[in-house]
Amino acid sequence: MDIKGEDYHVWYEESDTKVSCQGSLRLAGTEEYAPIVHLLEKVIDKNPSKITLDLRQLEFLNSSGINVLSKFVIKVRQNGTIQVLVQGSDRIPWQGKSLKNLQRLMPSLELEWSSME
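Under the numbering used here, the letters of the sequence shown match residues 57 to 173, in that order.
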């Protein structure tokens, strides 16, 4: 599963159940985020034991995108059997506060920080 836009790339690697996002997600609202939401829902439907969400190369995410991630985390929490690891970069300003908020939605969510250049 692979979604590419002008400024972003979102893909799923089934071998390690990892969803990776890179670039800048500035899509306008729910309709434009629909393909990404669909990808995330398909990953949940596969019911893996763990999903890794790699955001280390996601330079920007607008409020609509943060909303999409929040809803994703809530759906995983409701599933009850899937563990989530979110990989973030401590050099990207928006990630610090926003990713910690995901942990509030799902206390068992793991956050892993790196300083990827």
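If you're looking for bench data, these hints aren't it; they were derived computationally from the structure.
Take these hints with a grain of salt, some might be off.
Claimed, not checked - Label pairs and their calculated CB-CB ranges:
(1) 159 / 137: 27 to 35 Å
(2) 147 / 103: 17 to 25 Å
(3) 149 / 102: 27 to 35 Å
(4) 147 / 101: 31 to 39 Å
(5) 87 / 137: 13 to 21 Å
(6) 123 / 62: 18 to 26 Å
(7) 105 / 82: 12 to 20 Å
(8) 60 / 97: 14 to 22 Å
(9) 103 / 171: 17 to 25 Å
(10) 118 / 159: 19 to 27 Å
(11) 71 / 120: 27 to 35 Å
(12) 169 / 80: 28 to 36 Å
(13) 170 / 85: 14 to 22 Å
Stated by the list, open to error - Pairs of lysine-lysine residues, derived as DSSO-like cross-links and limited to a Cα-Cα distance of at most 27 Å, are as follows:
(14) 102 / 60
(15) 102 / 74
(16) 153 / 74
(17) 106 / 131
(18) 106 / 74
(19) 98 / 156
(20) 131 / 102
(21) 74 / 156
(22) 98 / 74
(23) 127 / 60
(24) 127 / 153
(25) 156 / 131
(26) 106 / 153
(27) 156 / 127
(28) 131 / 60
(29) 98 / 131
(30) 60 / 106
(31) 127 / 106
(32) 74 / 131
(33) 127 / 98
Ideal Cβ positions, reconstructed from N, Cα and C, are used throughout, including at glycine.
Checked hints:
1. For the pair residue 159 and residue 137, the supplied restraint of 27 to 35 Å is violated, since their beta-carbon distance comes to about 19 Å.
2. Here the CB-CB span from residue 147 to residue 103 is close to 34 Å, at odds with the stated 17 to 25 Å.
3. Roughly 33 Å separates the CB atoms of residue 149 and residue 102, a value that falls within the hinted 27 to 35 Å.
4. Distance hint for residue 147 and residue 101: a CB-CB separation of about 33 Å, consistent with the stated range 31 to 39 Å.
5. The supplied range of 13 to 21 Å is broken by residue 87 and residue 137, whose beta-carbon atoms lie about 30 Å from each other.
6. A hinted range of 18 to 26 Å holds for the C-beta pair residue 123 and residue 62, which are about 21 Å apart.
7. Between residue 105 and residue 82 the CB atoms are about 33 Å apart, so this pair departs from the stated range of 12 to 20 Å.
8. For residue 60 and residue 97, the Cβ-Cβ distance of about 19 Å falls inside the hinted range of 14 to 22 Å, so the restraint holds.
9. Between residue 103 and residue 171, the C-beta spacing of about 33 Å breaks the proposed range 17 to 25 Å.
10. As the Cβ distance of residue 118 to residue 159 is approximately 20 Å, the hint placing it in 19 to 27 Å holds.
11. Between residue 71 and residue 120 the CB atoms are about 30 Å apart, so this pair conforms to the stated range of 27 to 35 Å.
12. For the pair residue 169 and residue 80, the beta carbons lie near 20 Å from each other, so the given range of 28 to 36 Å is not met.
13. Against the hinted window of 14 to 22 Å, the Cβ-Cβ separation of residue 170 and residue 85 comes to about 31 Å, which falls outside the hint.
14. For the suggested pair residue 102 and residue 60, the alpha carbons sit about 22 Å apart, so the restraint of at most 27 Å is met.
15. This hinted pair checks out: residue 102 and residue 74 have alpha carbons roughly 12 Å apart, not beyond 27 Å.
16. Proximity of residue 153 to residue 74 is assessed by CA-CA distance (about 22 Å); at most 27 Å being required, the pair is judged to hold.
17. Restraint check: the Cα-Cα separation between residue 106 and residue 131 comes to about 14 Å, which is no more than 27 Å; the hinted pair holds.
18. For the hint pairing residue 106 with residue 74, the CA-to-CA distance comes to about 9 Å; that is within 27 Å, so the pair holds.
19. Distance restraint check for residue 98 and residue 156: the Cα-Cα separation of roughly 24 Å lies within the 27 Å cut-off, and the hinted pair is therefore satisfied.
20. Restraint check: the Cα-Cα separation between residue 131 and residue 102 comes to about 13 Å, which is no more than 27 Å; the hinted pair holds.
21. Note on residue 74 and residue 156: the hinted pairing holds, with a Cα-Cα distance of about 19 Å set against a maximum of 27 Å.
22. In summary, the hint linking residue 98 to residue 74 is supported, as the alpha carbons are separated by about 12 Å, within the 27 Å threshold.
23. Taking the CA atoms of residue 127 and residue 60, the gap is near 21 Å; set against the 27 Å cutoff, the hint holds.
24. For the suggested pair residue 127 and residue 153, the alpha carbons sit about 17 Å apart, so the restraint of at most 27 Å is met.
25. Between the alpha carbons of residue 156 and residue 131 the distance comes to roughly 17 Å, so the proposed pair stays at or under 27 Å and holds.
26. For the given pair, residue 106 sits about 23 Å from residue 153 by alpha-carbon distance, which is consistent with the 27 Å threshold.
27. For a cut-off of 27 Å, the pair hint linking residue 156 to residue 127 stands: about 15 Å separates their Cα positions.
28. For the given pair, residue 131 sits about 24 Å from residue 60 by alpha-carbon distance, which is consistent with the 27 Å threshold.
29. For the proposed pair residue 98 and residue 131, the alpha carbon gap of about 12 Å is at most 27 Å, so the pair holds.
30. For the given pair, residue 60 sits about 24 Å from residue 106 by alpha-carbon distance, which is consistent with the 27 Å threshold.
31. About 17 Å separates the Cα atoms of residue 127 and residue 106, which keeps this hinted pair within 27 Å; it holds.
32. Distance restraint check for residue 74 and residue 131: the Cα-Cα separation of roughly 17 Å lies within the 27 Å cut-off, and the hinted pair is therefore satisfied.
33. Under the criterion of a C-alpha separation no larger than 27 Å, the hint pairing residue 127 with residue 98 is consistent with the structure, at around 14 Å.
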